[in-house]
Amino acid sequence: MTQYLKSREAILLGAILALLAMIATRFPAFVSPGNLLNVFNDTAPLIILALGQTVVILTRCIDLSVAANLALTGMVVAMLNAAAPGVPIAVILVLAVSLGAILGAINGVLVWKLSIPPIVVTLGTMTVFRGLIFVISGGEWVNAHEMSAAFTGFPRSVVLGLPMLSWIALGIAALFLLLVFRTPLGRAFYAVGGNPHAAVYTGIVVGRTQFWAFVLSGALAGLTGYLWVARYAVAYVDIAAGFELEVVAACVIGGISIAGGAGTLVGTILGALFLGIVKNALPVVDISPFWQLAISGSAIIVAVTFNVRQNRRRGRIILKRAEGHA
Amino acid sequence: MQISVRAPAAGAATAVPILSLDGITKTFPGVKALSDVALALYPGEVTALVGENGAGKSTIVKILTGIYQPDAGAITLAGKPVQFPTAQHATDAGITAIHQETVLFDDLSVAENIFIGHAPRTRWGLIDWPALRARATEILGRIDADLDPRMPLRELGIASKHLVAIARALSVDARVVIMDEPTAALSHKEIEELYQLVERLKAEGRAILFISHKFDEIFRIADRYTVFRDGQHVGSGRMSEIDEGELVRLMVGRSVDQIFPARAHQIGAECLKVVGYAHPTEFDDISFSLRKGEILGFYGLVGAGRSEVMQALFGVTRPSKGVVRIDGQIRAIRSPAEAIRAGIVYVPEDRGKQGAVIGLPIFQNITLPSLSQTSRRGFLRLAEEFRLAREYTERLDLRAAALDQDVGQLSGGNQQKVVIAKWLATRPRVIILDEPTKGVDIGSKAAVHAFMAELAAQGLSVIMVSSEIPEILGMSDRVIVMREGLIAAELEGAALTPESLVRHAAGIGGTA
Amino acid sequence: MTDTSARHIPDRLHSAAARLLKSWEVLLLAVAVAIFVANSFASPYFLNAWNLSDATFNFTEKAMIAFAMALLIISGEIDLSVASIIALASTAMGAAAQLGLGAPALVLIGLATGLACGAFNGALVTGLGLPSIVVTIGTMSLFRGISYIVLGDQAYRGYPPEFAFFGQGYVAWVISFEFVLFAVLALVYGVVLHRTNFGRAIFAIGNNPTGALFSGIQVRRVKFILFLLTGAMSGIAAICLTSRLGSTRPSIAFGWELEVVTMVVLGGVSILGGSGSIPGVVIAAFVMGLVTFGLGLLNVPGIVMSIFIGLLLIGVIALPRLWAMRTR
Numbered sequence: 001m002t003q004y005l006k007s008r009e010a011i012l013l014g015a016i017l018a019l020l021a022m023i024a025t026r027f028p029a030f031v032s033p034g035n036l037l038n039v040f041n042d043t044a045p046l047i048i049l050a051l052g053q054t055v056v057i058l059t060r061c062i063d064l065s066v067a068a069n070l071a072l073t074g075m076v077v078a079m080l081n082a083a084a085p086g087v088p089i090a091v092i093l094v095l096a097v098s099l100g101a102i103l104g105a106i107n108g109v110l111v112w113k114l115s116i117p118p119i120v121v122t123l124g125t126m127t128v129f130r131g132l133i134f135v136i137s138g139g140e141w142v143n144a145h146e147m148s149a150a151f152t153g154f155p156r157s158v159v160l161g162l163p164m165l166s167w168i169a170l171g172i173a174a175l176f177l178l179l180v181f182r183t184p185l186g187r188a189f190y191a192v193g194g195n196p197h198a199a200v201y202t203g204i205v206v207g208r209t210q211f212w213a214f215v216l217s218g219a220l221a222g223l224t225g226y227l228w229v230a231r232y233a234v235a236y237v238d239i240a241a242g243f244e245l246e247v248v249a250a251c252v253i254g255g256i257s258i259a260g261g262a263g264t265l266v267g268t269i270l271g272a273l274f275l276g277i278v279k280n281a282l283p284v285v286d287i288s289p290f291w292q293l294a295i296s297g298s299a300i301i302v303a304v305t306f307n308v309r310q311n312r313r314r315g316r317i318i319l320k321r322a323e324g325h326a
Numbered sequence: 001m002q003i004s005v006r007a008p009a010a011g012a013a014t015a016v017p018i019l020s021l022d023g024i025t026k027t028f029p030g031v032k033a034l035s036d037v038a039l040a041l042y043p044g045e046v047t048a049l050v051g052e053n054g055a056g057k058s059t060i061v062k063i064l065t066g067i068y069q070p071d072a073g074a075i076t077l078a079g080k081p082v083q084f085p086t087a088q089h090a091t092d093a094g095i096t097a098i099h100q101e102t103v104l105f106d107d108l109s110v111a112e113n114i115f116i117g118h119a120p121r122t123r124w125g126l127i128d129w130p131a132l133r134a135r136a137t138e139i140l141g142r143i144d145a146d147l148d149p150r151m152p153l154r155e156l157g158i159a160s161k162h163l164v165a166i167a168r169a170l171s172v173d174a175r176v177v178i179m180d181e182p183t184a185a186l187s188h189k190e191i192e193e194l195y196q197l198v199e200r201l202k203a204e205g206r207a208i209l210f211i212s213h214k215f216d217e218i219f220r221i222a223d224r225y226t227v228f229r230d231g232q233h234v235g236s237g238r239m240s241e242i243d244e245g246e247l248v249r250l251m252v253g254r255s256v257d258q259i260f261p262a263r264a265h266q267i268g269a270e271c272l273k274v275v276g277y278a279h280p281t282e283f284d285d286i287s288f289s290l291r292k293g294e295i296l297g298f299y300g301l302v303g304a305g306r307s308e309v310m311q312a313l314f315g316v317t318r319p320s321k322g323v324v325r326i327d328g329q330i331r332a333i334r335s336p337a338e339a340i341r342a343g344i345v346y347v348p349e350d351r352g353k354q355g356a357v358i359g360l361p362i363f364q365n366i367t368l369p370s371l372s373q374t375s376r377r378g379f380l381r382l383a384e385e386f387r388l389a390r391e392y393t394e395r396l397d398l399r400a401a402a403l404d405q406d407v408g409q410l411s412g413g414n415q416q417k418v419v420i421a422k423w424l425a426t427r428p429r430v431i432i433l434d435e436p437t438k439g440v441d442i443g444s445k446a447a448v449h450a451f452m453a454e455l456a457a458q459g460l461s462v463i464m465v466s467s468e469i470p471e472i473l474g475m476s477d478r479v480i481v482m483r484e485g486l487i488a489a490e491l492e493g494a495a496l497t498p499e500s501l502v503r504h505a506a507g508i509g510g511t512a
Numbered sequence: 001m002t003d004t005s006a007r008h009i010p011d012r013l014h015s016a017a018a019r020l021l022k023s024w025e026v027l028l029l030a031v032a033v034a035i036f037v038a039n040s041f042a043s044p045y046f047l048n049a050w051n052l053s054d055a056t057f058n059f060t061e062k063a064m065i066a067f068a069m070a071l072l073i074i075s076g077e078i079d080l081s082v083a084s085i086i087a088l089a090s091t092a093m094g095a096a097a098q099l100g101l102g103a104p105a106l107v108l109i110g111l112a113t114g115l116a117c118g119a120f121n122g123a124l125v126t127g128l129g130l131p132s133i134v135v136t137i138g139t140m141s142l143f144r145g146i147s148y149i150v151l152g153d154q155a156y157r158g159y160p161p162e163f164a165f166f167g168q169g170y171v172a173w174v175i176s177f178e179f180v181l182f183a184v185l186a187l188v189y190g191v192v193l194h195r196t197n198f199g200r201a202i203f204a205i206g207n208n209p210t211g212a213l214f215s216g217i218q219v220r221r222v223k224f225i226l227f228l229l230t231g232a233m234s235g236i237a238a239i240c241l242t243s244r245l246g247s248t249r250p251s252i253a254f255g256w257e258l259e260v261v262t263m264v265v266l267g268g269v270s271i272l273g274g275s276g277s278i279p280g281v282v283i284a285a286f287v288m289g290l291v292t293f294g295l296g297l298l299n300v301p302g303i304v305m306s307i308f309i310g311l312l313l314i315g316v317i318a319l320p321r322l323w324a325m326r327t328r
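Residue numbers (full-length UniProt numbering), protein chains in the order written: chain A, 1 to 326; chain B, 1 to 512; chain C, 1 to 328.
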């Protein structure tokens with residue numbers, strides 16, 4: 001029991017509850033169920049992308065191209081919708097996920113087959129993807145009036161009291177929990193990150209596992225690309241610029257070790273929620289939204305300090321009498 | 001234990017190998033690791049694979065487990081030709097291995113470590129955790145390991161991790177079990193338990209490939225032997241038909257009585273004194289002295305705390321208590337840089353990680369701690385560096401293509417020479433050698449020993465940490481035995497015998 | 001085996017010329033020359049001294065940071081907060097300018113802010129043992145976040161006239177102050193990395209930090225100094241950029257960290273640490289500057305140029321590896 005109380009997730013949950021309690025003392029409206037659901041809905045894109053990023057980081061990689069992938073896929077589906085408003089949403093969804101997965105697969109192949117460090121690969125593809133948006137759009141915006149009502153309405157359509165966007169985030173969270181806890185690929189993410197050398201001995205192909213992590217991250221970025229442009233009803237070159245860092249921040253705050261192999265999806269979701277609550281609470285408590293960046297930066301530093309403290313390897317215990325205290 | 005009750009007739013002359021390798025060749029860039037070797041394993045029998053470091057034993061294990069692919073040759077399993085393109089294929093074919101280093105995952109649970117790669121699945125293809133835990137408990141019970149399957153591996157000690165590795169090997173219904181130096185990190189009691197396990201596996205009709213450097217062990221449990229030398233197969237047969245001398249001759253290609261250099265004894269005044277050295281978890285109450293020109297041996301089992309004491313002395317870790325005096329002066333050593341200034345240098349056991357800076361050329365490795373000597377006002381002088389490097393590499397008879405060659409391209413013995421040359425160039429007073437001949441071929445071994453004797457004769461004080469009894473006996477003037485982080489004995493003269501070393505290291509009473 | 005003749009070991013395996021021919025720098029130089037020639041043919045405005053001089057502003061400020069970043073990456077660390085340090089240093093200078101401080105004071109404040117930020121990063125990485133990539137992703141938000149808190153959607157203007165020299169002044173004819181500073185810093189960093197004990201320590205740490213520690217190198221001190229240097233260079237870049245723009249917004253130099261890292265990697269520095277050279281980074285700076293300038297003359301928008309830079313970054317690493325796979 002104490003083990004659960006001391007776990008990263010419990011501490012983070014405690015911090016979130018404390019934060020909410022603090023806000024509630026002065027602004028009780030913020031913690032009304034309706035508003036909390038709004039906060040969750042607003043954080044949904046971050047949660048989705050952070051789940052994809054988590055599996056990538058678990059395998060000792062990093063995907064800095066997620067936001068550019070999101071923007072490129074978003075632009076493609078927005079232009080498609082503007083050109084052919086009749087294309088059903090189901091097709092748009094499949095297209096967005098597939099295109100995102102293909103972009104992710106490009107990262108994955110470069111990491112797997114050419115062993116190029118992931119940070120270099122995704123730094124490169126990030127700039128390439130952004131540039132491609134300009135090429136296909138000619139720098140033009142796709143505005144709300146060019147999009148069909150079905151296209152922009154889907155993420156906002158309410159089912160059983162929750163917007164579709166929230167349902168999708170919940171569904172993906174459930175899917176990823178199943179993937180990570182109950183499938184060999186999910187366990188391989190941990191094995192590859194924890195000890196790549198040993199993973200080879202258990203028949204796991206390290207590069208291929210990393211490839212699939214990138215494909216998953218890319219597919220989620222593609223999906224979020226559609227949801228993003230539909231929700232905000234606009235697509236242009238710079239949407240979600242810099243969002244990749246917020247995504248990495250959610251993972252780090254959630255306790256995912258940048259060294260790979262350690263951390264949980266629940267932690268990531270809590271990390272994303274923490275950032276989402278801070279972002280939504282600032283205007284309510286009358287702090288300038290300009291504070292948000294500095295707060296999330298500080299949160300990252302505090303979180304990583306905490307991660308390292310928690311994971312610091314204990315020295316070898318040789319003395320018999322020291323064994324009891326360990 | 002009730003072994004050998006239904007042990008199959010190990011001596012049956014018509015035995016057919018379950019697994020045989022023929023004409024296996026494997027080349028790496030610049031090195032022919034295996035050349036046309038053969039190996040056969042028989043059901044219900046233990047085959048010992050012997051050979052020096054670099055003979056190709058690890059390579060053949062990696063080929064058998066699907067990590068490497070042979071360039072040429074055939075593998076036959078139960079009469080059928082097979083290939084192992086990945087580790088998974090080898091596991092599926094019923095070949096399992098307990099590796100030298102623990103290839104496990106610290107962040108995963110004991111149960112998952114046992115089953116990763118072949119976890120039981122539900123009808124839907126999902127991992128069946130309850131079944132997995134139940135089977136893990138069952139396997140751990142079979143080897144009398146009292147471990148909680150849910151516990152993260154991180155929390156276990158080395159011996160327990162080894163049990164998990166064994167459980168992992170047993171989790172597949174293996175026809176062939178490979179054990180690569182399985183007893184290297186185990187205590188006496190644990191080694192006995194491992195022998196019993198081997199007997200049980202034999203009785204179940206499994207074929208076992210047993211790799212070991214310990215001859216007593218090989219003669220005790222193996223039924224057959226195969227010897228590799230320099231990547232070639234030089235002999236195989238039944239253990240009953242060979243003796244120790246012949247086996248050594250096959251291994252090294254000549255008969256060797258390990259000859260240690262004659263020592264010119266010129267032991268001078270005390271130059272290093274350590275008093276009451278202690279560390280919260282690693283060692284306590286360490287006091288000893290070292291005299292000029294003396295070779296002081298540190299013997300003990302792997303993990304007895306010898307390296308930890310040396311690394312504290314070298315400033316890598318901080319002791320919590322204790323005093324170091326050099327020539328009577330108290331010296332505070334808080335970093336390797338301070339140790340080097342105080343005249344203490346350390347040749348570590350882990351050469352690739354702590355000794356050599358692989359990626360830097362030979363001459364830069366040698367001058368790294370002496371840069372203040374070769375440079376002027378912080379600016380490098382390459383000519384000086386080459387001069388210094390040349391002086392010491394020639395003294396150590398280094399074999400290399402050029403001084404600007406990457407030190408990573410050298411053989412283990414020559415890398416060791418570079419590390420030693422690096423320290424001699426600093427003109428130290430005390431040199432600590434931690435397992436100086438581990439992973440070094442027999443030829444270079446003798447050279448390292450001769451050189452140690454020469455250094456001592458020149459007035460340098462030497463501390464040698466070694467787990468090899470002949471080396472300890474052959475080289476040391478005096479020996480300190482450590483056990484579980486404490487000094488167990490200090491032996492000298494007539495008291496210094498193989499039996500006394502083993503007894504003090506293992507903590508066995510006087511009548512053992 | 002490599003048991004060649006025992007007695008005499010030559011100093012070097014290959015002659016200096018042979019080593020040079022096979023080097024990354026020469027390949028990169030060839031690329032730079034090719035781009036230069038292609039540009040001269042593509043646009044009649046390219047071969048004009050003033051145009052070329054203008055073009056150097058595309059890379060001089062980034063290159064200053066890239067020199068220090070190269071050292072940091074060779075040692076096995078990274079600093080992604082450099083662009084945010086620029087923002088914070090520029091904000092600090094802007095605030096000081098509002099108080100009526102003169103140019104010398106502003107320079108000192110810019111430099112001091114850079115050093116302080118570098119010290120903060122260095123302390124977190126070397127003091128607490130945190131991974132630099134995460135720490136500097138954090139400080140990247142933190143430093144720029146402070147600028148946003150101070151400035152919001154406002155901007156600082158009104159720098160003293162003499163302050164304009166650092167980003168707009170010319171030393172002689174078309175040679176700008178910034179370009180001279182760039183050249184001097186290139187020389188200093190080249191000497192420090194390749195000709196001093198400190199530089200040798202950087203390479204040793206990057207190849208094997210434990211081995212370097214065990215050889216008596218003060219690993220943590222060296223790394224701390226490198227973070228300080230990177231912070232200081234960001235401060236200097238902030239002085240130049242602020243002077244050139246004449247204003248400070250919190251979004252100043254946004255995204256520069258990635259361009260700086262690209263420049264360093266393109267220059268042949270291994271992102272995994274342990275190898276690289278300052279001449280390589282200098283040539284990479286020119287390559288990136290020439291590409292940006294040349295495409296600009298052809299009216300190609302900046303964002304499209306980034307495609308080229310991104311492909312260049314991946315291509316320069318991928319092509320040699322593909323080639324090696326082919327020939328094996």
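A hint or two may mislead.
Claimed, not checked - With a straight-line Cα cutoff of 30 Å, these simulated DSSO-like cross-link-like pairs (lysine-lysine) come out:
#1 B:353 with C:22
#2 B:445 with B:32
#3 B:214 with B:273
#4 B:438 with B:32
#5 A:113 with B:353
#6 B:321 with B:353
#7 A:113 with B:438
#8 B:161 with B:32
#9 C:22 with B:32
#10 A:279 with C:22
#11 B:161 with B:189
#12 B:438 with B:292
#13 B:189 with B:32
#14 B:321 with B:273
#15 B:214 with B:292
No wet-lab data here; the hints were simulated from the structure.
Is the straight-line distance between the alpha-carbon of residue 445 (chain B) and that of residue 32 (chain B) 30 Å or less? This hinted pair holds, its Cα atoms lying about 22 Å apart.
Given pair status - residue 189 (chain B), residue 161 (chain B), alpha carbons within 30 Å: holds, 16 Å
CA of residue 161 (chain B) to CA of residue 32 (chain B), is that 30 Å or under? This hinted pair is violated, its Cα atoms lying about 34 Å apart.
Given the hint that residue 189 (chain B) pairs with residue 32 (chain B), test it: the Cα-Cα distance must not exceed 30 Å. Not satisfied, since the Cα-Cα distance of roughly 39 Å exceeds 30 Å.
Would the pair residue 113 (chain A) and residue 353 (chain B) pass a check requiring their Cα atoms to be no farther apart than 30 Å? holds, 27 Å
Below or equal to 30 Å on CA atoms is what counts here, so check residue 214 (chain B) against residue 292 (chain B). violated, 34 Å
For residue 214 (chain B) and residue 273 (chain B), compute the direct alpha-carbon distance and say whether it is at most 30 Å. violated, 35 Å
With the threshold set at 30 Å, check whether the alpha-carbon distance from residue 353 (chain B) to residue 22 (chain C) stays at or below it. holds, 29 Å
Under the criterion that the straight-line Cα-Cα distance not exceed 30 Å, is the pair residue 438 (chain B), residue 292 (chain B) satisfied? The given pair, whose Cα atoms are some 26 Å apart, holds under the 30 Å limit.
With a cut-off of 30 Å on the C-alpha distance, tell me whether residue 22 (chain C) and residue 32 (chain B) pass. Given pair residue 22 (chain C), residue 32 (chain B) holds - Cα atoms ~28 Å apart, limit 30 Å.
Does residue 438 (chain B) sit within 30 Å of residue 113 (chain A), going by the straight-line distance between their CA atoms? violated, 36 Å
Below or equal to 30 Å on CA atoms is what counts here, so check residue 438 (chain B) against residue 32 (chain B). Since the Cα atoms of residue 438 (chain B) and residue 32 (chain B) sit roughly 22 Å apart, the hinted pair holds (cutoff 30 Å).
Hint compliance for this structure: hints 3, 7, 8, 10, 13 and 15 are not met, and every other hint is.
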